[in-house]
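Chains A and B, in that order, are what the protein sequence lines are. Numbering of the first sequence is given in numbering that gives the first Met the number 0, commencing with residue 0 and proceeding in unit increments. Numbering of the second sequence is given in numbering that gives the first Met the number 0, commencing with residue 0 and proceeding in unit increments.
Please note: incorrect hints may appear among the correct ones.
If the Cβ cut is set under 10 Å, some of the chain A residues that face chain B in the computed set are [claimed, not checked]:
| no. | residue |
| --- | --- |
| 1 | M113 |
| 2 | K146 |
| 3 | T317 |
Source of the hints: derived by calculation from the structure; they are not laboratory data. Where is the CB? At the ideal position from N, CA and C, for every residue including glycine.
For reference, the chains in residue letters:
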Amino acid sequence: MVRFLSDVTEELRLAVPDHTSDLALLRSMKVIREAELRLAKLFADGEVPGFIHLSVGQEGVAAGVCSALGPSDTLASNHRGHGHALAKGLDLERFFLEIMAKAEGMCKGRGGSMHVADAKVGMLGANGIVGAGLPIAVGSALAHQVKRNGAVAAVFFGDGALAEGVMHESFNLAAIWRLPVLFVCENNGWSEFSPTSRQLSADPCALALSHRIAARSVDGNDAVAVSEVARELVAEIRSGGGPRFLECRTTRVRGHFEGDPQKYRDADDALRADESDPIGRLEKRLAAGGVSATDIEAAGREAIARVDAAVERARAGTDPDFDTALRDVYAQTEAAR
Amino acid sequence: MSEVRFGQAINRALSDAMTADSSVVLFGEDVAAAGGPFGVTRGLLDRFGAERVRDTPISEAAIVGAAVGAAMSGLKPVVEIMFMDFVTLSMDALVNQAAKARFMFGGQYALPMVVRLPHGGGINAGPQHSQCLEAWLAHVPGLKVVCPATVADAYAMMRAAIDDPDPVIVVENKSLYAMKGELPEPLPDVEIGKAAIARTGSDATIVTYGAMREVALAAATTLAGEGIDAEVIDLRSLQPWDETAVLQSLARTHRLVIAHEAVEAFGVGAEIAARMADVGFDDLDGPIVRVGAPFMPVPFAKNLEDHYRPDAARIAAAVRRTLA
Numbered sequence: 000m001v002r003f004l005s006d007v008t009e010e011l012r013l014a015v016p017d018h019t020s021d022l023a024l025l026r027s028m029k030v031i032r033e034a035e036l037r038l039a040k041l042f043a044d045g046e047v048p049g050f051i052h053l054s055v056g057q058e059g060v061a062a063g064v065c066s067a068l069g070p071s072d073t074l075a076s077n078h079r080g081h082g083h084a085l086a087k088g089l090d091l092e093r094f095f096l097e098i099m100a101k102a103e104g105m106c107k108g109r110g111g112s113m114h115v116a117d118a119k120v121g122m123l124g125a126n127g128i129v130g131a132g133l134p135i136a137v138g139s140a141l142a143h144q145v146k147r148n149g150a151v152a153a154v155f156f157g158d159g160a161l162a163e164g165v166m167h168e169s170f171n172l173a174a175i176w177r178l179p180v181l182f183v184c185e186n187n188g189w190s191e192f193s194p195t196s197r198q199l200s201a202d203p204c205a206l207a208l209s210h211r212i213a214a215r216s217v218d219g220n221d222a223v224a225v226s227e228v229a230r231e232l233v234a235e236i237r238s239g240g241g242p243r244f245l246e247c248r249t250t251r252v253r254g255h256f257e258g259d260p261q262k263y264r265d266a267d268d269a270l271r272a273d274e275s276d277p278i279g280r281l282e283k284r285l286a287a288g289g290v291s292a293t294d295i296e297a298a299g300r301e302a303i304a305r306v307d308a309a310v311e312r313a314r315a316g317t318d319p320d321f322d323t324a325l326r327d328v329y330a331q332t333e334a335a336r
Numbered sequence: 000m001s002e003v004r005f006g007q008a009i010n011r012a013l014s015d016a017m018t019a020d021s022s023v024v025l026f027g028e029d030v031a032a033a034g035g036p037f038g039v040t041r042g043l044l045d046r047f048g049a050e051r052v053r054d055t056p057i058s059e060a061a062i063v064g065a066a067v068g069a070a071m072s073g074l075k076p077v078v079e080i081m082f083m084d085f086v087t088l089s090m091d092a093l094v095n096q097a098a099k100a101r102f103m104f105g106g107q108y109a110l111p112m113v114v115r116l117p118h119g120g121g122i123n124a125g126p127q128h129s130q131c132l133e134a135w136l137a138h139v140p141g142l143k144v145v146c147p148a149t150v151a152d153a154y155a156m157m158r159a160a161i162d163d164p165d166p167v168i169v170v171e172n173k174s175l176y177a178m179k180g181e182l183p184e185p186l187p188d189v190e191i192g193k194a195a196i197a198r199t200g201s202d203a204t205i206v207t208y209g210a211m212r213e214v215a216l217a218a219a220t221t222l223a224g225e226g227i228d229a230e231v232i233d234l235r236s237l238q239p240w241d242e243t244a245v246l247q248s249l250a251r252t253h254r255l256v257i258a259h260e261a262v263e264a265f266g267v268g269a270e271i272a273a274r275m276a277d278v279g280f281d282d283l284d285g286p287i288v289r290v291g292a293p294f295m296p297v298p299f300a301k302n303l304e305d306h307y308r309p310d311a312a313r314i315a316a317a318v319r320r321t322l323a
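If we strip away everything but chain A, and leave its shape as in the complex, we get (with noise of 0.2 Å):
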């Protein structure tokens, strides 16, 4: 029989009144945040070409929804992926020398900040198409049906993505196909330097309900509320219930891309993130859980040193080779003219 680490951690859990799981996911989170916030001073410093889309402020849902995930799941991504893919069990070291254009990366250099990926641990790639990830994970998951395995394909997208034509196409599939399929919309308020009551008929829930998807709405910053609902759903997916939405409601904390000004944003906007921090929340409910201040400072500083290791081993890393590169546009070692 298969056991996923999400199962276990729940068993331990519901066995036990400790804080296994919670700080498993401060943890999760407290990567994240350390890595982006990194990743900010790298960009600033030159250190980091192209753009990034930081995920600061965003990290309970990627936290909370790849906790009810296990090893065989798949999950595709959109731009501001690094969450979704470091929270899934990308190997940090390997993320930065992507990240900063090495050939040890993941993607060998070729892809960079969108398109960090990772086969192993089922991680269909972050994309820099928006929507372009549900239809990828509609078919992942009509691969995991036809093949019998129990596995769900998870996708995040965010609010933006709702408009895309192909979102609609996705959800029907999904819904008439019954696939094992988690659809999660990262609701931060958002598209690009929009805001989404101007861009959005409908809201997000009654989208997926339209196409007869069940569908959940959770506080995005409650890491722990956006694990238990995930959970409940990735159960329902994997006995045959079909497909499943969550939106999780969040805090875009940086700009839409590092370096955007974000002059179409309040000044009010900015401190109510502070107030939403799902890593501050977390702590908060820890302390008050009994769980020492020691524990929990010990997130932070584990996630500090992993981070300044993997950026130590990237700045070390060798630039890819062209020839190489040009060999793999192909499977086959001829490349094609």
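Here the structure of chain A is known, so what remains is to put chain B in place on it, guided by the hints.
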């Protein structure tokens, strides 16, 4: 050896592939219950069941996008977009996802998917149901594009496409589905990227593919009556294409015509012409001439469409131009 129709050969290839490998699945609009609008997938639902042969809604973007995800997760999907004209609706999945997944994820994923695209006119289907857009796809690094012209190749290319770890577009000319031909025993094997010589000759090379193969052969017959011996090369594969075969032919004939049903301007022929004008320059004794459709949408009225599509007379005239 048996005589079957082109469409039946494809059906046989799909069936044999699905028997040999349980990870091969089929989906698309009306491919299951109806057996496909042209009957190409007839009987496959009954033989392999509803889990592996599925009708989809009219959702081209999701059809090809799902093929990408399925291929990344262990299946070998063969999907159909009913008319090549509708590929426009699935371009993100083909160009930004399927073509790039292997490369941009550092070789972690193979994408063993096939997209079947019926193309071509001659059936008065009008501007949005008759196009030949293969040049668009051949231009995208990461995609493979094949276009069989014979019954044997219809079988063999489909098998090769399904076995290929890369995304392969199989372009099928609608007007060929009813064409009868020989399906050899043992069943033919073909390597994607290899052309076939349809007719050997010494005075000029006609490079072609798809429905134009027969038209080029007819032109060669006409020219033979004038004492001009034309060689006809059926590319079979457009991306990659058999540059070596074309060069070898040019080394003997020194004259090149490229004929295809697709619009001449910016078509597959343009790439072949440019490439041969470069590496084949020393072998050329005359200009490279292309024969393709005029730069206009495919017209509906029969007399307009008949004039629009390249015919044997135009190919023969092109050959004479290279010899003038």
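Hint by hint, here is what the structure shows:
1. M113: Because about 9 Å separates M113/A from the closest Cβ in chain B, which is inside the 10 Å limit, the hint holds.
2. K146: With a closest approach of 6 Å, the K146/A hint holds.
3. T317: 14 Å, violated
Checked against the numbered hints above, the structure breaks only hint 3 and satisfies the rest.
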